Every structure is written in structure tokens, then in C-alpha cells.
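A.B. asks: Here is what each chain is made of, one letter per residue.
There are 2 protein chains.
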Amino acid sequence: MTNPSNILIKYLPILVWTKKYNKGDATGDLSAAIIVTLMLVPQALAYAVLSGLPPQVGLYASMLPLIAYAIFGTSSTLAVGPVAVASLMTATAIQPFSAIDISLGIQAAVILACISGFILVLAGLFRLGFLANFLSHPVITGFISAASIVIATSQLSTLLGYSVGGDTVIELVRTIYDNIDKTDSVTLTLSIITLLFLIVNKKYGGTLWINIGLSKFWAQTAVRIAPAFLVLLGTLAIKADIPWLDSVRTVGDITGGLPSLSMPNTDLSLWQALWLPAVLITIIGYVESISVAQSLALKRKERIDPDQELIALGMSNLAAGFTAALPVSGGVSRSVVNMDAGAVTPAAGLITAFGMIIASVFIANWLGDLPRFILATIIIVAVMSLFDAGVFKRTWQYSYHDFMALIITFSMTLLVNVQSGITAGVLLSIGLHLYRSSRPHTAIVGHVPGTEHFRNIDRHEVEVCPDVITIRVDESLYFANARFLEQRILEVLAENKMTKHLILMCCAVNDIDGSALEVLETVNEQLKTLGVGFHLSEVKGPIMDKLNKSHFIELLNGKVHLTQFKAYEELSCFNTYSQPNN
Amino acid sequence: MTNPSNILIKYLPILVWTKKYNKGDATGDLSAAIIVTLMLVPQALAYAVLSGLPPQVGLYASMLPLIAYAIFGTSSTLAVGPVAVASLMTATAIQPFSAIDISLGIQAAVILACISGFILVLAGLFRLGFLANFLSHPVITGFISAASIVIATSQLSTLLGYSVGGDTVIELVRTIYDNIDKTDSVTLTLSIITLLFLIVNKKYGGTLWINIGLSKFWAQTAVRIAPAFLVLLGTLAIKADIPWLDSVRTVGDITGGLPSLSMPNTDLSLWQALWLPAVLITIIGYVESISVAQSLALKRKERIDPDQELIALGMSNLAAGFTAALPVSGGVSRSVVNMDAGAVTPAAGLITAFGMIIASVFIANWLGDLPRFILATIIIVAVMSLFDAGVFKRTWQYSYHDFMALIITFSMTLLVNVQSGITAGVLLSIGLHLYRSSRPHTAIVGHVPGTEHFRNIDRHEVEVCPDVITIRVDESLYFANARFLEQRILEVLAENKMTKHLILMCCAVNDIDGSALEVLETVNEQLKTLGVGFHLSEVKGPIMDKLNKSHFIELLNGKVHLTQFKAYEELSCFNTYSQPNN
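First to last, the sequence lines map onto chains A and B. The first sequence begins at 1 in this note's numbering and counts up one residue at a time. The second sequence begins at 1 in this note's numbering and counts up one residue at a time.
Please note that a few of the clues may not be correct.
Stated by the list, open to error - List time: in silico DMTMM-like cross-link candidates among lysine to aspartate or glutamate, alpha-carbon distance up to 20 Å: (1) A:Lys299 with B:Glu495; (2) B:Lys393 with A:Asp545; (3) A:Lys299 with B:Asp305.
If you're looking for bench data, these hints aren't it; they were derived computationally from the structure. Treat the numbers as computed from the prediction; the structure is a model and nothing was measured.
Okay, chain A solo, but in the shape it has when bound (with noise of 0.2 Å):
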């Protein structure tokens, strides 16, 4: 690694793939980024939307960022952009400055982005990619699933014909209902064969076209552009001029073109006050983006390096905010397009991004008059997939502690915000995890007859030698359950007063720390004063090797035998078998 080469072929990886690239990669590249970039043009103006930005905002952030992810990132699928979640989460964020002045919005947005990049670039340079894992997965469901009903619920108004704002999902029903006489019905009624028209069409649209005759490649590309055949079809609509859709709203002018390259406002206290959801936007990107990236490299059987991606989405993000653009990271659905699609390097993204740019320069002015319906539309049937109903069931059945962390963070979510259900259920599963591992299950064991096994004596039939008690521990001893475990042997000595032997069989204890030796030693002192021994089995080396280096081994009143059997031999349990008698 420190030849200068090889750091230069770690941190970018395009030096990699550009070597061996050939007409075959072109090919698939280059028809799978037309597709990608057929769905991106209106996703891309859709989430700008659902950000409370002007669309081109949207168009910018399909550009650079994709050409930063094609030179740093090591997934060959990943499809970089603007994503819902994300684009919700900006929303959130940035409301209180769009509120003020829209410039000012987007001056938020460019912040989110930046800060999104230095700390992705950071935590990639030093190697921090395991803090996202501290999202557990019922924390990460319940956001999604919850955010997936705040983003239609937030559409839902654009569907009647107008457009109203709101945090949460009962302020936005609230203030839909109070507006409800301003519905259009010639917009109501389009956007519900819209809909309709989008879910037949992700639902039944491959197989339809499959019976018509189309083959499935081209079956499936039917599917996938059909939004942005609706966007084609929408927009020269409103430019017939036909009369009864007057009423219909569009999305007004697009700047589009070319972002200009351009410095984020240095104001700090911007920053201050962007920080924690930016912080909160990098993580949901992150961990998003790695788990499609990675389920789709093994399906290639190929490998991504998790800490290189921290710096390719922070690359991509930090071109965002410098090409005035709101944060980005791996969108799934567009992921696994490309991928379908036939993208084997990332110079898929390359051309998608060069596709976006000709799309921006060409047709995004001529796009002014697409209506706000259809846009609307197009999120809702995205976001639907992301709502997973039988996670509520299927986590309740497994544990009670990963539902708890699910329906906080599902409600909090919904009720009250994005970045307290997220911080609500990060806190939630970390106090859970500490609660369970501070009370750890504990198991008094007997020898398995004929075996050299020893297993729980409330579980098994087992023999045990009447004035050896040994008690197995499940779970790593450290502060927080060291007492309670001083207790429980005290406890085990008091209902079972012949001991003369005492084991602490260690098979699960992976780690013993100070607090926990302290306690240790105090059970050692008590149990030499009641005459008892004190003895450890199955300890492993690498703790072994930590005890060697205090004075516990020297003091302790007993022994520490290599496997429970040999503890049982040299204590000559054998001779003095009995019942267990609880």
C-alpha cells in the first residue's frame, strides 16, 4: 500500500475497470444508461418537486454526482441520483429556509449536500463505515415504511389539483381536508387513471406486453420507460391547448441547461442548523445505497469495498453541492434497472449522467408544461413498494425488543418527524440491546451421560455431582451485568448450600472487562471466606490471555480447567453422581 500506484488504484477504481473495458461492456453500458436515463428524467423532476425545489435541481444532481460516483465508486450497478427517501428528508430539513425564500431553499439543500459529502469522504478515510450498522434493521424498515406514507400522503393534495405543505402525516390529511373544495376534478380524475394506468402497468405491464409478442428485454424497457412515455404524453397535451384541461397545474418554468459551478453559502450558522439531519441523510443514503450495492455485486459475484463507497457517495455528494444540487446516494429501483438493463462497469453512469445532460440542455425548457399531477403520480407508485406491511407481523413474532425499535420508530416517524423517528429508534435499540445483555441468561448445566457435554439441567436429562454447582454464563461479562451475575451466584450458593465446588463454565463468554474482573476477584474473596471453590472452565485463549495479565489467576481460589469434562474429572464428580434436585 504504499507504493503510490497502488494507493492511486484504491481510491480510484475507474483505473481498474477502464483497462480491460471492450466494445461487449460498451454495448450494455450504453443500452442499459438509455433506459436508466428514460426513468431518471422524471424521478429527477419528481423529487425535486417532493423537496420543495425548482425541478432542474433534480436534473443538476443527475449529472456531476454521477460522473464522481463512475470515477470512485466500486460497484458496477450502483445508479447514483436523487432518491425519495432522501429528497423527504431534504425537505424536512430545508423547510424552514424555503419558506423564506426559495433561493435560500436551495442554498439549504447545496449545505445538506456538502456536509453529506465531508463526512461520507471522512468516515471512508478513516474507516467508519461499521457506525451505520448501529441502524438495526427494524429501525431501518420502520423508517422506510413510515416515510413511504408521509411521501404519498405529501402527494396526495397535488392529486386533487392543488398543493399543500405539511410535517406529518395528520397535518398534511388535516390541511388536505381543509382545502378540500379547491379540488379540480378534471385533474382528479386523470391523475386516477394515472394511477391506475402506473400500477397495471409495474404490475401486469411486462406480462401484458410479453402476450402481445414483445420479447422480455423489450417487454421489460416497455415497463420502465412508461413514465416517461406519460411525461411525453402529458406535457404535449398541455401544449394542444385543449380546453377542458385549463384547470390542470404544471410545473412551470424550468431553468434548464448546464448548473453553473458554484461555492455554497459560507454562512455558519446554515451549517449549524443543518448538521444533524445531514448527519441523519448520509447514514439512511449510506446504508441504503451499500445493501443494494452489495446484494447486487454478489449476484454478479463480484465485491464492493464498503469504505471506498463512503467515498465515492461523499465524492458524489460533495459534486452535488458545487453544481448547486441536493444530496444524493444509490437508488434501488434505478439500481436494479441498470443492473437488468445489461450495465456491467460504471461507465453506465457515465453515459447516464451525459444523457441527463442532453435531456437538461434540449428538452428540460420544453418540459415547463408537463402537469404536476403526473409527476405526483410517478412518486406515489415508486414509494409504494417501499412500504413492507408483513415486516410489522413477522417482527412481532420474532422479537419483542426489534418491534419495539420498529413501532417507535414507525410512529415517530410518521407523527411527529423524520429525524426524531430515526433518533428515537437508533437510542431505542441501543438501550435494548444493553438492557438484554445487562439481565444475560444464565444456566446451571449437568454432564450428558456417555457424552463429554454438559447442557442446561432445567432443558436436559443430565447427572450432576451434588456439591459441584456449575453455572454457565451466556454472554460476554463486562460493567453493565457484572454485578448481576455476583448476584446470581450468590443466589445459586443459597439454594444450594453443600457446594463445596463452584464453576463458571465461560464456552459463551466472549470478553471479560474490568468491571467485570473487579467482580470476579470480589466473588473469589467471598466464596474463599465461605470455604467454597472457585472454579473457571472453557475460557477462551484471547480472554486467557488477558486474565494472564492480572493477579486473578494467582489469587483465585480454585482453578481454571481447559474444558468442562476435565473440571468434572479433576473435581472426581464421576464417583458422586446424583439427580439434579431442582
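Position chain B relative to chain A; hints supplied.
C.D. replies: Below, chain B alone, put in the same frame as chain A:
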């Protein structure tokens, strides 16, 4: 427990021990109470002064709280009352208020006692004593060691004949240095003599008296009441109006007698400002009390009930709160003396309380002439034993993470203040624990020939089957390490391309949460795609129960084996042994 008299007995342990109280008990308790009272009078005055409160507040804290503990407590030897560390914490917490007006300071101390009492009683009723376990041993020792330095430093200026305040050691040392010209040489000389006397008394007093011919009991008693003797001597000296003692500062008016029962100030803003320090005083006080109570109980082969102890200490603090006193807890040195001097029941505490009432009514007013420097020397000698220099070396040798927690708590307490010290320590301990368990130890294991054991191939001479890889993971699988495990499995597979079966040996896995289950399902899918069988072995009973509630076992592309040995048998590994290649 539904029987009302059982509930009474549970919550009022006094009903039990008074039943069999006899003359022998009374003799022991009385002699212990006399000695403890003689220790407690000077300590009570000293700790009140240390808190920045009038001396009589310390006396008040040694009356009703002791009676409350005798009624509710389960330890026969714990001596409750004002203690050094809690007094320092009280001093820091009430300083902003006593700076305005000393009576406001007293009100703040009273509110601290009340909040602490409420928390303890509630924690006892809800059995939340385990929460105190999150204070790890390094955090406690780091905190106590630093607090002892802060306390000793805070008394230095009194030894020089003037009194200055300050929150941190640096501030104290600077203020002392700035005022060094105020030094009174008479006070300084007498302070040095007194300090030397107390140190010699503590270290060699017992041996000296025994050599002179006293019995062990009387020698120990002489050592223990030496501070009371000093108090008497000092007060008499001032009362004698010796001219060269004119410059020695005295305690000043002590309002002896009994405290009036009074409601605490109900100004909510005061309570809000004090709840956090009150929580910390509560936790530190409880941990100190329960540790000493438990270790003394064990010497007597008695049991204490940690939850009832919460209630007892809570009632003591409520008693303090309603008699204008400062927060109390179980004192380490006084409890040891209490036991050694013969206390056999909580009656010893009851008699001590009456001793303190007598002292307050008949002697306190007379003690106004007690020189301040004598209290300062008593405090310094008392806290000297709290500082444990050896703990730094021992912790460093045993565990780097523990040492980090120790040194951060120690230096934050010393340099910032007591509250940041504890808070930083607790957060760091939890953070480091999570970090450690988020990157668990894993080992590739092989079969130890001639046994049923499987051990790390890097540490032991083992045999492995070339197309079966067994990974043992030494940690519960939960959200923070689930993805780490996934990556580790993929790495291992990439290094061993011949693998046909992968066994996850779960003997040290004590829990699998929902996030980890999700990851295992993903790994299972991935291995299926690669044509590799996925097996589990030695899964614990409670985890197997959980897994059976999910679909994981049905979907598993392999089997769950009761033991690793049986897994090897079933995959017919024993015929294809080879030497491990790494």
C-alpha cells in the same frame, strides 16, 4: 406476596429484626453507635462545610435519615449520613445558588436530597437498581480518585488560614496561589502538625496503642475517636483565649438543636436546574452504598436486598429533604467501623441518630469555636484513602478500553467538573462496549483429533475438511455486528474457493436479533446462488426457539446441527481430512 403482612415485612425489614432483638445485640449495637457517633460529629460538620453549607446542616443529615434507614434498610452494618464525594457533588451543584444567598444554597441542597430520594424510591419500587450497573468500574474509580484530589485541594486554602473556592483543581490551585500572601503562619504550622498527627494516627496509631498495652479493641477505638479528641482540644484551645491563636479562623456560630420539619421550596425552576446533578449524586451514592453493604453482608454471611436498599436510601434522602439537610448515602469508612465495633442490627444506626441529636442539642453551640483547619485536616485524611494510584497501572495492563474510560473520567472530573466526568465516562464505556461487540472475534475452526472438540486453526493443531469451512463467531449477533459477519463470511468464501459447505458455529452466540436474522437470510440466499450449503451448529435452546418462529429454518440451504461434531459426521468430513492451509 399478595398477603398484606408479607408486603409489610418486605418493605419494612425493621419488623423482622426487632422480633428477635436481645440483650447481646443491644450491647454490640450500643458500643458501635458510641464510636460511630464520635466519628460522625466531626465528619458531619466537615462535610457540611465542604458542601459550602453551615455546619449544622451536616448534623441534621445525621438524625432523621439514619432513623429512616434503620426502618427500611436491609444491611445490619451500613452507616448512612453525609459522605465526602456526595458532599463535593452537592457543593458543585448548589454553588450558583449559595453564591446568591446561603439560605438559597440550603434550599438547593434540600431539593437535591428530595429529588435523590424520589428517584431512589421509584427505582426501588420498579426494581431499576440494575441501571446503576452502567457505571463501569473504571468510571467509578476514575471518578472517585479525581474527586478525592479535588476535595483535598479544596481544603488546602483552609490549612493556609484563608478560604477560597473553585470548581476545578487548576482553578483552585491558581486562586490559592493568587492569595498566598494571606497565609497565616500560625494556622499553617498547626495544620501541618494536625495533619501529621492524623496520618500517623491512622497508619501507626493502632500498633502504637497496642505496644503501650491497650487491648486491640481499645487501641482501634482510640484511633477512631482521635478526630473527635482533636475537635475537643481545638475548641478548648480557642475558648482558652490564648493570644497567639487569635488569627486562627473558627467555624463560627453553629445553630445546634433539632432541625424543624419543613417542606422544600417548590419553585420549579430550582428543581429543573438541579435534577441532573441529583441523578448523578443518586447513582454515585447508591453504587458506593450497595458495594460496601454487599461486601460487609458477605463477611457476616448475610444477604441484602438491592431493591429494598434503593427504597431505604430513598427514604433516608427524603428524610434529609424534610429536615433541611443535604443528600446522604452509606459511608464506606463509617460502615466498616460500625461493623468492627460490634453493630449487629440497624439499631446501631438508630442509637447513632440519638447520639447525634444529643450532640446537636448539648454540644453543637459550644463547637462554634472549633478551628476550621481541624475540619480541613479531617477531610483531607478521610479522602486520602479514596485515591488509588495503582488502579491506573492495573487497568492499563488489563484492558486498553477500560483504561480509556478511566483516564477520561479521571481527567474530565479533575479539569472540568464532576458531572462532565461521570457523563463522559458512562457514554465512553457504553460506546467502547458497542464498538467492541460490533467487530466480534471470529475464528476458522477445525477438529482436534481424537476428541469432539473444534478449535481455532491458528491456535491449535487441528484437522479440517477441504470443502467444509467452519466459522465460529464469538459474540451475540445483533444489528451492530450483523453486516460485519456478512462481510467476514464473504471474505472467507473468497479465500476458499473450493468450499461446498459453510458452517456457522454458534456456541458463543447468545442472541440473534431481527437485523442479524435478516443478514443470515441474505447470506443464505447468497450462498444458495453460489451453490454453497449453509449450516448452523451448536445453536442454543432459546435462540433455536426464536428461529423456529421465523421462516429461516425452512429456507435454510443446509441444516442446523446439534453439535459441530455431528455436523462434521453428517457432511462426511472425517474421510477427507487435510491440513489447514492457513
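A.B. asks: Can you name, in rising order, the numbers of the hints this structure does not satisfy?
C.D. replies: 3
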